[in-house]
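Visitor: Chains as they are written, first to last, in this note's numbering: chain A, 1 to 350; chain B, 1001 to 1350; chain C, 2001 to 2350.
Heads up, none of these hints are tricks.
With a cut-off of at most 25 Å between alpha-carbon atoms, the simulated SDA-like pairs for lysine to any residue come out as follows: (1) K95(A) <-> A2108(C); (2) K2148(C) <-> I2130(C); (3) K2148(C) <-> P98(A).
If you only want the chain B side, here are some residues facing chain C, beta carbon under 10 Å, derived: (4) G1176; (5) I1199; (6) H1320; (7) R1337.
Here chain A is said to cover these stretches of chain B; the calculated rule only asks that three of the stretch's residues, wherever they fall, bring their Cβ under 8 Å from a Cβ of chain A: (8) 1083–1089; (9) 1095–1104; (10) 1154–1165; (11) 1202–1212; (12) 1222–1233; (13) 1243–1253; (14) 1324–1334.
I should point out that these hints are in silico values taken from the structure, not numbers from a laboratory. Don't be surprised by glycine CBs; every beta carbon is placed ideally from N, CA and C.
One-letter residues, chain by chain:
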Amino acid sequence: MKSIEKSVAELSALVGGQVVGDGDRKVRRVASLNTASEGDIAYVEDEKLFPAATASQASCLITPERASVDVPCRIEVKNPKLGFALIAEVLHPPKARPAITHPSAIIAETAKLAADVFIGAFVCVGENSIVGSHTQIRAGAKIGDGVKVGNDCVIHPNVFLEDGVSVGNRVILHAGVVIGADGFGYVRGDMGYHKFPQIGTVVIEDDVELGANTTIDRGALGRTRIGKGTKLDNMVHVGHNCDIGERVVIAAQTGISGSVTIEDDCVIGGQVGFGDHIRVQSGAVIGSKAGVLPGKIVRPGVWWGIPIQPLDEYKRLNAHLGRVPQMREELRLLQERVRLLEDQLLAGDE
Amino acid sequence: MKSIEKSVAELSALVGGQVVGDGDRKVRRVASLNTASEGDIAYVEDEKLFPAATASQASCLITPERASVDVPCRIEVKNPKLGFALIAEVLHPPKARPAITHPSAIIAETAKLAADVFIGAFVCVGENSIVGSHTQIRAGAKIGDGVKVGNDCVIHPNVFLEDGVSVGNRVILHAGVVIGADGFGYVRGDMGYHKFPQIGTVVIEDDVELGANTTIDRGALGRTRIGKGTKLDNMVHVGHNCDIGERVVIAAQTGISGSVTIEDDCVIGGQVGFGDHIRVQSGAVIGSKAGVLPGKIVRPGVWWGIPIQPLDEYKRLNAHLGRVPQMREELRLLQERVRLLEDQLLAGDE
Amino acid sequence: MKSIEKSVAELSALVGGQVVGDGDRKVRRVASLNTASEGDIAYVEDEKLFPAATASQASCLITPERASVDVPCRIEVKNPKLGFALIAEVLHPPKARPAITHPSAIIAETAKLAADVFIGAFVCVGENSIVGSHTQIRAGAKIGDGVKVGNDCVIHPNVFLEDGVSVGNRVILHAGVVIGADGFGYVRGDMGYHKFPQIGTVVIEDDVELGANTTIDRGALGRTRIGKGTKLDNMVHVGHNCDIGERVVIAAQTGISGSVTIEDDCVIGGQVGFGDHIRVQSGAVIGSKAGVLPGKIVRPGVWWGIPIQPLDEYKRLNAHLGRVPQMREELRLLQERVRLLEDQLLAGDE
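Given only the sequences and the hints, what does the whole structure look like? Please build it.
Guide: In structure tokens, the structure reads:
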């Protein structure tokens, strides 16, 4: 793990913080409170952890403003976890790789590679494809024909980009990602299934990160899009013609059928399933393992369950359902009391 | 995207249609109603879209018979979407690749490759494996020993076929597919788990398509089979000794435990989970996210839920469950009324 | 499939069994009862299968002690399935591969490979990485820098091990496995998401087996661990900083969020979802498709459902819920009876 030494004062300036204590201290690594030692910087947010923070061996802590954490050196910021992430970006930049093309790589003559790209062993880059400045294409990645990859990307080993797909700048594609495979569309004929044409494309915008073994299918006739700044975890499936907006977060193993739109700034849990032609409106949050029926419009708010309901309703209904055993008993007692009443009335009539 | 020019009359003949208007028009591409322009052919099925169809810029439309869509050129067929798929097969054939073996590929001396195969860069083909006529094995795919791949297949990049598996004709395996890895079977001993033998094989029949990163495990002692014309979406898991019939469709991320039989013409949604030793009878439809308990026999019909129930029962029960809050209120009111009656009777007795 | 010939007496000794019949018979293969023929050994446990066992064409059967299975040759053991697995280990050892490095492989000069390793075509091994004795690294696998792989491992094709990860002895990694990709952690800032540092590592202990396309993310700051003897099926996702204990079994497509601890000897079904910071205590069993809420402590026992409940409670509640339609009807009848009583009392008052 490469690391870089910075003074606390420099780092504090970087995150708009306030040094409390010795700003000349040097730090080289981020670490957690418990494991930090000399040269490390850690962060604390939760007051309950302030005693642990005070006991930390870190050279510097990032803390909330006016936090009662008595250590020789700390940086006060509004959002310590964000400050920690920003400082980690400086101390632990992505691994640099030299501007070389491995001699084993097969680069089409018509491909255009920026001068400072890194191309690993056993990489293929197809006809008329373009790779931007400072991008790394690691060992075994396969880039089809007519693909565009922007600047400062990291394409990890064994990724596959099918013909014609487009990838923006600062995109990270983890190992085993497949972009632009055919979508899943068939029409049933007398003899079986015929492929509905899958001749569209995929557009991955800037600052997207896709987890290992995630798959993004090409559009059937149009395009599939992953918007700027959106982050997908491992093994997420995005079907043909989906339109995923900007700054969307989708956790692992979620599956999205064709023609689903997820607007900007949504947060989607893991193992969620989406039927086709759903629209998730900006700002909606969908809990893990939820199921969304085809065609549904999901309004902003927090959603849960199979099929999804507003979280409050889900909780209320579940609380009611948990009382059903007791209701059965109450119902049985009431039946008994009514029978007694009926007997009494009958006896009174006699 | 390669395309081929055809006259409307030629295409109509191909799909057994009836030209209404100018059959000499030329089309080169399929497109959607909204985005179609000169040279494109689109289709419309739903009457609600007939106004949009009338306004479409497509050179030709495929419509239902006697459809009131007033355009200069259209083809009437019984099933417009099927006609569209068939025409797309002609206008947009799979990408042709030349009959060459990339010099970087490692082909065992005992392997038998048809003369016109395409073998991409960094491909391996093992001892005694056979690759049929006109098949494409793209960059980075790895074919083990004793593997048989039929004619006219497309094996996309980074696919892995383990020793001994058999693949039919016209099979499409998308990137990252793994066929023939060991099934998941262990026996617990005193010291931990011992592998149950996983020495069977996998048979993929003709016209199968498997989505990106899908995995088909080898049989433990027998074989795992994917029947003719069956289509699996991305990241489907098929366990050891499964027998998947013909013309079965399985959507993304469904997982099938060992020794499951799915008979012909079933339709399985996404993210469905199957326990082991299930039999799904021909024609059954199982909704997305369903769960099927081990050993179950699933009869024809539409099934839903965890564990699965007939869709009608599932809906009816869920409607009842949604009334539980109201039932609790009704029960409370009834308890009050009974208490009143009891009080009255008690008073009357005095 | 390689096989080795052994006498029944030798195999019986190996599993601590008792030969009943002709111990000199030779067997070369394991097989199932139905398909076994001359030279095969099969096993039977369930008394219902004893007639089928008696009719089996196997040269030898493995049976429970004092089983009434009348065949010319059998081995009695306490646990026939375990005996079968142990015998299969002898008759069908993992495929041997020669101690060669394929000339196409790219091995860093600082890497240290044991003399008897097998390195397939198009493999990369990075700087300062170590590969132990008798380990096989198959075609297309990519090993980063500073990686340690132990002895007697099989790394199947297209596996990727990121920089710094550590793999024990006798580990099997099936095709498409990705170990050490960045975990999924971000901090939201004004402009979008910033990566929480993902600079930890992964430790895979001895005797682990990971199914095809499974992904194990590196720790954010610490490490992710898969304990000794643990077995994961295909497409399992293990998030950053998880600690999976020894002899844990996890079926396909289960997803585990960050910082989850699963203690020794747990059994987890397929498609289970874990929120973050869960602790599953040693010996717990979680049924397929279950969902576990973040932060939960799962005690020993059998758990089921979304969210998980003890299996008994789950079954009891579900039985109650299945009676809700009948409860609604009973409630309606009771309301009618109470109305009648009210009418009678009212009439009596007049």
